[in-house]
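Chains as they are written, first to last, in full-length UniProt numbering: chain A, 1 to 576; chain B, 1 to 720.
Hints in this document: simulated from the structure, not taken from any laboratory. Each hint should be verified, as a subset may be incorrect.
[Claimed, not checked] Listed below are the simulated EDC-like cross-link pairs for lysine to aspartate or glutamate, each with C-alpha atoms no more than 16 angstroms apart in a straight line:
#, chain 1, residue 1, chain 2, residue 2
1, A, Lys241, B, Glu264
2, B, Lys373, B, Glu386
3, B, Lys254, A, Asp338
4, B, Lys106, A, Asp251
5, A, Lys282, B, Glu330
6, B, Lys251, A, Asp251
7, B, Lys597, A, Asp280
8, B, Lys261, A, Asp237
9, A, Lys467, B, Glu98
10, A, Lys54, B, Asp506
11, B, Lys597, A, Asp278
12, A, Lys54, B, Asp509
13, B, Lys103, A, Asp338
14, B, Lys319, A, Asp237
15, A, Lys561, B, Asp298
16, A, Lys67, B, Asp506
17, A, Lys241, B, Glu258
18, B, Lys399, B, Glu448
19, A, Lys420, A, Asp432
[Said to hold, decoys possible] Okay, the calculated bits of chain B under chain A, using three or more residues with CB under 8 angstroms as the criterion:
#, segment
20, 391-405
21, 462-474
Owing to the predicted nature of the structure, the values given are computational and were not obtained by experimental measurement. Beta carbons are placed, not taken as given, at the ideal position from N, Cα and C, and that holds for glycine.
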Amino acid sequence: MEEHSDLPSRSMDMEVAATALPLNDEEYVYEDARSEECSEVEDADQKYYENRLKDIDNGDQDTYPHKFAVSISVSEFIAKYKSLFNGDHVEDDQVSVAGRIMSKRSSSSKLSFYDLNDSCLKVQVMADLRKSELDKDEFAKLHAYAKRGDIVGVTGFPGKTKRGELSIFPRWFTVLSPCLHMLPSPANNKKQEIWSPGHLRHPQTYVLKDQETRFRQRYLDLMMNNHEIPQIFKTIDNINKYIRRFLSLLDFVEVSTPMLHTIPGGAAARPFVTHHNDLDMKLYMRISPELYLKQLVVGGMDRVYEIGKQFRNESIDMTHNPEFTTCEFYMAYADYNDLMKMTEDLLSGLVKELTGGYRVKYHAKGYDKDPIVIDFTPPYRRIDMIGELEKVANLSIPKDLASEEANKYLVDACRRFGVKCAAPMTTARLLDKLVGHFLEGTCVNPTFIMNHPEIMSPLAKSHRSIKGLTERFELFINQHELCNAYTELNDSVVQRQRFADQLKDRQSGDEEAMALDESFCTALEYGLPPTGGWGIGIDRLAMLLTDSQNIKEVITFPLMKPQAQDAAPEAEDGKV
Amino acid sequence: MEALKVWSLTASPLRQLLRLSSSSTAIYGRRSHHSSLMLRCASAASSSSSSNAATAETPKPSGRNRRAASSSNSTSDREAIRSIRLKKVEELRGQGVEPYAYKWEKSHSANQLQEIYKHLANGEELNDESDRVSIAGRVVARRAFGKLAFLTLRDESGTIQLYCEKERLSDDQFEQLKAFIDIGDILGASGSMKRTEKGELSICVSSFSILTKSLLPLPDKYHGLTDIDKRYRQRYVDMIANPEVADVFRKRAKIVSEIRKTVESSGYLEVETPVLQGAAGGAEARPFVTYHNSLGRDLYLRIATELHLKRMLVGGFEKVYEIGRIFRNEGLSTRHNPEFTTIEMYEAFSDYQSMMDMAELIVTGCAMAVNGKLTLDYQGTEICLERPWRRETMHNLVKEATGIDFSELGEDLGKAKDTVLVALQDVLEHKDKSGIGACSSLGHLLNEVFEVVVEPKLVQPTFVLDYPIEISPLAKPHRGNAGLTERFELFICGREMANAFSELTDPVDQRRRLEEQVRQHNAKRAAAAAETPEGKAKKDDDDDDESYEVTLDEDFLTALEYGMPPASGMGLGIDRLVMLLTNSASIRDVIAFPVLKPSPHIYASGSLKLEDTPPPPPPQVSSVVDDGDDDDQYVDAQVEEVVDHVDGLLNEVREEEGKEEDCALEEGQSNGEILKSSLKKETLDSEDGERREKKKKVQWVDLMGKELAEIREFESRLVY
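I would like the entire structure built from these sequences, with the hints used as guidance.
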């Protein structure tokens, strides 16, 4: 890296620029907008902004050109020319590269150095008057105008400096889009390793550390922390691609079902309500696509899936965003045993493809604690919910779970073990709490908790051999539910009965008990073939594979509290 | 065409049924065209199993010369059938058979079998162990004789006949089959392959299992799902009755996957941006509003993905796209559903010219993937997608169509309007004139003239270039022509398919333009508020109501201030593309569950009535063409049960005098005009929901005869 520190100081603009373009890394830290220097920072930025605007107005250049013909990407450029010898110049090759200037060092009005970044790689631009097509004044003016943060297009030839830095020597240099704000300064200029799935992330290396800013202005996060953040979203794209490929090889058809429902069904959650003006009709944002997908199976589409957004009107925390992405599939003539096998194939195959192995490192307890290793090697442990609970907690739960007796027993058990369950203490909720207390903690590596009681699973088919239970499983990884699947209940009479039981829970105050969807029951009466149904939370899967503890890390633009209330940082968010 | 093929395919087993009926009715000395109806409703008519339950309603033992007064969908019938079948469920369980099975291993699909065994000669049977197959599907036709029964099973891929001989089945399975299996049930069967003497490929069943007992009768094809509303509301019934409906959804999946393939091979990354937003921007449309309880704030459902995808460009991604759901709080029509799907894509450093190539690539790629060719028929119009497509500026297109050269009109809006009104006085309708009067700028005027005069004529794919700046708040000014932007829209069949620009990257200009948009919106809103309500009651436009708020997306403007690379972006309506490529007249045919008007009692008691439907004209007479696929001839003599019962319940029937013609009716292709799936629509709708020619009214009524929902739109089809 060639360092030059004699930045020419000329205009007043340049002075302001100097504060923004530090020669020295520690000079200026844009770390916490809520810190003491907050207003100072904002003032400086405002001044910078105004000066930059003036600069643009005074210039005669086309400030926002329409197009720049890129001939080669930064990564292709590096791959193609990295083997040049030090001091080599390939003046016969002409390349056009574009990207953002992430650092600028001017040694004189005749020589400036830039680091040009595409989404994660960088290449040096050595703007030398002698190689340029511009005359002295034009050259000086242009390179005084170009600032850190600007998007530029460069046409020139490749070469390596004497010190071995692969560079582009521009003949033409164009600012394509000026950056009107100061970018956060780099805390260090060390070359950062580019993150890849299955590996640990290193938030301590981030230039932009403040979480609020990272999530609210994701573009800054992508720009400044570019050794990790762009890879996160590429990984999510790869996860979706893999799932699509996996399912399409099994002849599944991707469909889309409505996000606006007249009855919120298919899951137990509080929905968003909206209103259609023209129809003067209340609509709910979907909480699950399940009931519609099953209707398509009734209609004869034997294998369907949907990857899409679900919406739940719940509070925001480390693992919950009001909108999140799931994949659900329904497979006629299959049961939950088939689905467990498919889950193992899908997840292990995905992890293998993304990481090259089955073992994923994960900061389960926070970035400052030792990471755990999650092993995706199939087969996965299977535990029977009630049996395991009785064994681990030494309980003997009454067999008829719908009975008062069972409810009393579980209330008592919860009290004994100090497991808190807020009202209403329905048997389903009590069991859920006990399972959370005794079983989920043991599920670090992928584990199927299976055979849930009927009272907890209104849409699952009764177990073929154990009374009172269903053919259902949930896959837990790192103590969080990732998948939920069952042999689908397709007996409309039983389905109605289950909905009615849910209604009882609703009346006892459980807002999250499911509503009766009569039209769905009617669909069942036309005959749903034996079907296995499966759902996975894509965001949670992405969290595991990107070493993220906060769901906001894997959502491009997570829902944030309105900025006015920003004063109090979100309590749930762990500090990075 | 294709739809018709499927039609005749699925009809064939029923044709056999019909022939049976023809022969059987001969015994009773009467042949009626109604028999087809009854047969269709036919089900396990075992009197033994169902007679008890049948008494639940008021079954009348009745001759077969009567006609069901209403379709089997009428409520009382449905209830009766339901209770009969529920009884069967109970009896089956009593016998230790679970009528809702857990699983079935199938070795083949129907289509695979038809393909693998297509060379099997008539009468040939394969008894090799390796030729044992198992299959599952829905029973769509059924005939039972003394020791022989034929079932037609339909799965996702097609149909196949099950040949069930009493001797080949174990124990009492044959009796079970006769007694308990109804049309509509889902069945798994295994056995060996055989082609009958008459050439019908069949599975010689050695064992079967009832996988799912259906409780409701399938709609008979005669009445079918003629009622549009029900077709959309109970899409699955539509899909069972018309297998080609699901084909549209399969093609849709193929189109979406082809689009993904195309853009991914160009290096695009798919990202997801939020649906719930603090401010809805990126387009001008009324948004849905919702409320987040724990944050205690209103949220808007996105009306475009544009502003967030552009933020990703600012962040350094150079090619991003999103295929996602967009929501607009607008009325319903054949082209509008409140939620719809678009792809929006953005490419850094390029301009709108390259997006035109991309649009061509995507649409032709999808056409090839779905139809295998670049010419297509859309509602009777032939469209040719061969590249290159015409690229012409809006100015030139308007000049070509009207003779008006907008570049010479000068700056005076009033004068320009007069020129337009004079030049087009013969062409314009009243509402167009008022539209022109309302234009607030030359750009709006140009666009208005374009929309009224040119748009409908853009049948073959055409890129319309260089829109006025006033109507393009997110597009970059044209590098050559002041007042214009670098923007294009793609039109096919007079419909906008895509909208693209060289993206505006100047944050100062962007702020100015968005502020202007807000100002204009507020002005319209104020004007609309002042207007009398009647004045705009009947307006059917998108922008009929301006009473929502438009706010600036400050975050987006800040993002632009950090510098967005020069870029081009395009939005393409996937639903409309699917409509085009599947020849679907209405957006509701390509969306599995479209939003419909509320119909609270749709599933409650109350029967469907068709009003103003002409009384059934005399049936068309034609004779059965014996194409020799009738397996029944040789069993004619031993027919002992004729399956004309509706689940053992005989409908209340009405004599239809003097209609004893030889019944050659197939599957409700009965008489005169019937209502059919819009998939086979002949003509283009003139306006949303309005038809030029015959218009009938379909009504949902409750028990009191009160109208529950008015359905204006449906298609009729003449029977051949």
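Structure-based check of each hint:
The suggested pairing of lysine 241 of chain A with glutamate 264 of chain B holds, with an alpha-carbon distance near 10 angstroms, which does not exceed 16 angstroms. Restraint check for lysine 373 of chain B and glutamate 386 of chain B: the C-alpha separation of about 9 angstroms stays at or below 16 angstroms, so the hint holds. Among the hinted pairs, lysine 254 of chain B with aspartate 338 of chain A is inconsistent with the structure: their alpha-carbon atoms are about 26 angstroms apart, more than 16 angstroms. Restraint check for lysine 106 of chain B and aspartate 251 of chain A: satisfied, since their Cα atoms lie roughly 14 angstroms apart, inside the 16 angstroms limit.
Between lysine 282 of chain A and glutamate 330 of chain B, the direct Cα distance comes to roughly 14 angstroms. Compliance with the 16 angstroms bound is thereby established for this hinted pair. In summary, the hint linking lysine 251 of chain B to aspartate 251 of chain A is supported, as the alpha carbons are separated by about 13 angstroms, within the 16 angstroms threshold. Restraint check for lysine 597 of chain B and aspartate 280 of chain A: satisfied, since their Cα atoms lie roughly 9 angstroms apart, inside the 16 angstroms limit. Our distance criterion of 16 angstroms between C-alpha atoms is met by lysine 261 of chain B and aspartate 237 of chain A, whose separation comes to about 13 angstroms.
With a CA separation close to 15 angstroms, the supplied pair lysine 467 of chain A and glutamate 98 of chain B stays within the 16 angstroms bound. Under the criterion of a C-alpha separation no larger than 16 angstroms, the hint pairing lysine 54 of chain A with aspartate 506 of chain B is consistent with the structure, at around 14 angstroms. Between the alpha carbons of lysine 597 of chain B and aspartate 278 of chain A the distance comes to roughly 10 angstroms, so the proposed pair stays at or under 16 angstroms and holds. With a C-alpha separation of about 15 angstroms, the suggested pairing of lysine 54 of chain A with aspartate 509 of chain B holds against the 16 angstroms cut-off.
At roughly 10 angstroms between alpha-carbon atoms, lysine 103 of chain B and aspartate 338 of chain A fall within 16 angstroms of each other, so this suggested pair holds. Under the criterion of a C-alpha separation no larger than 16 angstroms, the hint pairing lysine 319 of chain B with aspartate 237 of chain A is consistent with the structure, at around 13 angstroms. About 11 angstroms separates the Cα atoms of lysine 561 of chain A and aspartate 298 of chain B, which keeps this hinted pair within 16 angstroms; it holds. In summary, the hint linking lysine 67 of chain A to aspartate 506 of chain B is supported, as the alpha carbons are separated by about 14 angstroms, within the 16 angstroms threshold.
For the given pair, lysine 241 of chain A sits about 13 angstroms from glutamate 258 of chain B by alpha-carbon distance, which is consistent with the 16 angstroms threshold. A threshold of 16 angstroms between alpha carbons decides the hint, and for lysine 399 of chain B with glutamate 448 of chain B the separation of about 13 angstroms falls inside it, so the pair holds. Between lysine 420 of chain A and aspartate 432 of chain A the alpha-carbon distance is near 11 angstroms, which keeps this suggested pair within the 16 angstroms criterion. Here the segment 391-405 of chain B counts 0 residues with a CB under 8 angstroms from a CB of chain A, which misses the bar of 3, and the coverage is violated.
Counting residues of the segment 462-474 of chain B whose CB falls under 8 angstroms from any CB of chain A gives 0; the rule of at least 3 is not met.
In summary, the numbered hints that this structure violates are 3, 20, 21.
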